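Q: As they're listed, the protein sequences go chains V and D. Using numbering that gives the first Met the number 0, read the first sequence as starting at 0 and increasing by one per residue. Using numbering that gives the first Met the number 0, read the second sequence as starting at 0 and increasing by one per residue.
The hints are simulated quantities; they were obtained by calculation from the structure and are not laboratory data. Careful: at least some of the hints might be erroneous.
Straight line, CA to CA, 27 Å or less: simulated BS3-like cross-link-like pairs of lysine-lysine [to be verified]:
{"hint": "1", "chain 1": "D", "residue 1": "K262", "chain 2": "V", "residue 2": "K12"}
{"hint": "2", "chain 1": "D", "residue 1": "K262", "chain 2": "D", "residue 2": "K349"}
{"hint": "3", "chain 1": "D", "residue 1": "K173", "chain 2": "V", "residue 2": "K12"}
Everything numeric in this text was worked out from a predicted model, so none of it was measured.
This is what each chain is made of:
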Amino acid sequence: MRHALATEDLSIKPRLSWWRGALLFALVVVKLTLILAMRSRNVTEFIYAGF
Amino acid sequence: MEILISPTFWALVVVVYLLLQLRPPIRTTLWFGLVNSGVLFLLLGAPVGLALYGIAASLWLGIRVAVRIRTRSGKWATAVTAIGATVLIGLFVVNKLSIQDTAFAEAVRQWAPGSGVWVLSSLLALSFSYVALRIADMTRMVLAEGAPLLNPIAMVGYLAPFHMVISGPICPYKEHLTLDSRPANWPTFSRLLRVTSIITTGLFYKLVIAESMRIYATGLHGAFVVESLLDAGYFLIYLYFDFAGYSKVAWGIGQMCGIPTPKNFYTPLCAATVTDFWTRWHASLGTFVRSNLFTPMQLALLRRTRGQRQGAIGLCSLIVSFVFVALWHHVGLSILLWGLVMGLVMAVEKTIRDALLRRPWARHKAVQWGCRLVGPAYVFIVISSGMLIIAKEML
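Looking at chain D on its own, in the form it has when it is part of the complex (with noise of 0.2 Å):
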């Protein structure tokens, strides 16, 4: 939160938007790698900067290195993609591990005394899981769909842009690309006023309304406690007006200087089935998620059978899915066990759907007014109860 209060910061904001409106002559997302460069090393510091920068240009020979392979020989390509997919997962797990347990950080600078620092530097970076998704997403439509890649200078502007550090939100790799193709962002005062209107907004969630509620519960410095389902339906509200207050801050940031940002929440508390509301909340990741794993593995299941069993295959995907969701969020069994109860509500919901939509009186004016009235009712209480079950072990 300190990041949204401080001067240096909305500074660097105003210089940033300044800057991109120079529009030398070079690509556009190269400028904004350099421009976002110069932000990363002011707030994070050089160790971190040039640890994003050591990724950067790894991935950057990495998947060069894949792209040329596989022109060649096929089977070698899929080697090289299993191989790099697993030090990705192996990475990220690492990674995972390091920030929820401290003792792993002090066993790798036992373990690598000289180079501890840039190893540490390196997970910290990568620490934004953020920029693990990205990677992954950036990765996937290089290979399989044959996007053009970017420079590692470049390449930094879109793993860790300076106003979606924080909390994400994950920009797919093809919006960002569309960077270089987009007109002169000039600025009117319709224009300016709607963005200034989006950051107030977005600061007045996170730093009124959701800090309001922390005080009021917590007190100046505590920390929430969740025993009760009275207690994760505030909890989840609290989380919504925080989390959904800084995304508008960092959509209405990406408006201002003209870069592409998702907007990240369409006001999930009104979503009618669970189902809705993961389409609703953190939208980027349910995106990223889609397009990535659900989609891709749910089309390889379905070649594979010919076809054949596909609702247990889109049950499958829902869950695997979901577990995913899980684990990113946190390594632990009740995150994982939440995982599994959600993907198992959005199967069962799936279910009803389809079985309903055969019925005509399903279709009827008055039901779905009924559906629109009592189904927010029912998302809250199912997701204050998944919260429940994460409260001791995330909190």
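If we strip away everything but chain V, and leave its shape as in the complex, we get (with noise of 0.2 Å):
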């Protein structure tokens, strides 16, 4: 078998540093962003044109 358990835990992990988490929140933001433009119809006709 590939993986001895087929589910992982987080919370095993360590916390996260204030850098790391400072990092991971600015790309939480970045793709939140990006998912909310994909909902407006300018965004998907752009990319339908060819960018």
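Join these two chains into a complex; the hints should help.
A: Structure follows, in structure tokens:
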């Protein structure tokens, strides 16, 4: 078997340092902005037009 | 996809998270089963929710009877297990055909006009064919390994967890049972940030990357057409971001609520062999097939032949397992051919690997690095060619 346990538990991971936390938070904000942008018709039509 | 952008769904995720923090003095599997039932009734409607309860109650009764008979007579146990397995396989095939052929649904309505709605809703509940696989894993674990049987309410929490209802993954039954012994899932800032990052990455894969690829290739409401190897390669990348994105979201919700949920994707496009690819792509299905079909079949055949013809038995088990995976996805000739081809490719890879392991030069670092560099390209071409075989029937 490739993985001894099929499910992983994040609770055993160590606490994030402040700068890693800040970086992760910034990435979450960027991803959420792009996800919300995809709901706009202008953006989808821009993609369809070939960027 | 609609469910992932629905505010109702995300509001329900938060409600489930908060309710699971309450930890009343009952087993966590039962508490999750109760909470999950509420969510399923709200998301899927009463007929599907009730049908799931009907399936869980029948299963619970059937398995209890099978356990009782087994303790009295070994022969009866074999007969009951065989009948149970045949009924399950029959239900699964009927169900698969019912999804593919709407004429079947019409026939059911004419055959049983009064109870047609209930028959159809039962089939609809089972048509989440992940439910069928979870049923198989649970039945085997209880009957063959002696695992405890969940009551019908808790069982619905295992068979159809709300966050794994769309496209899996399949959590092994024994890991779902660990829910009862897990410590409290207290929120910390690090944990919440990690979980949010996983969920947003999944949504980003699915709603930004996969959706952009789809819109770019097919227009706003078009469908994919796969006619060349290039199309198949493009579709494979799209499929990865779509399916891995969804699986990440399910994994993140599972982590957030403390419900055992498999990860399902381990960078499959970096795999150096097709065998390795299938342990990284949809890993939970691979784990299911390995523990419920490949290994038991291999062991049974080895016992029958008293350890002889190991190579042939290994190859045979591999091909049968892949044919099962193919038919599970879709009942059709081209997918059957795809399953056979994939099984054969993996069998050939195993033969070559076994032969190379005896050669000292094959362990040289330069050779291994070369394989790691060339391998992903080879895997990409083989898997894309496989897509080409099944595209006309599946898309």
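Q: Indicate, hint by hint, whether the structure satisfies it.
A: Going down the list of hints, with the structure as the test:
1. D:K262 to V:K12: Holds - the C-alpha atoms of K12 of chain V and K262 of chain D are around 16 Å apart, at most 27 Å.
2. D:K262 to D:K349: 26 Å, holds
3. D:K173 to V:K12: 23 Å, holds
When held up to the earlier numbered hints, the structure conflicts with none and fits them all.
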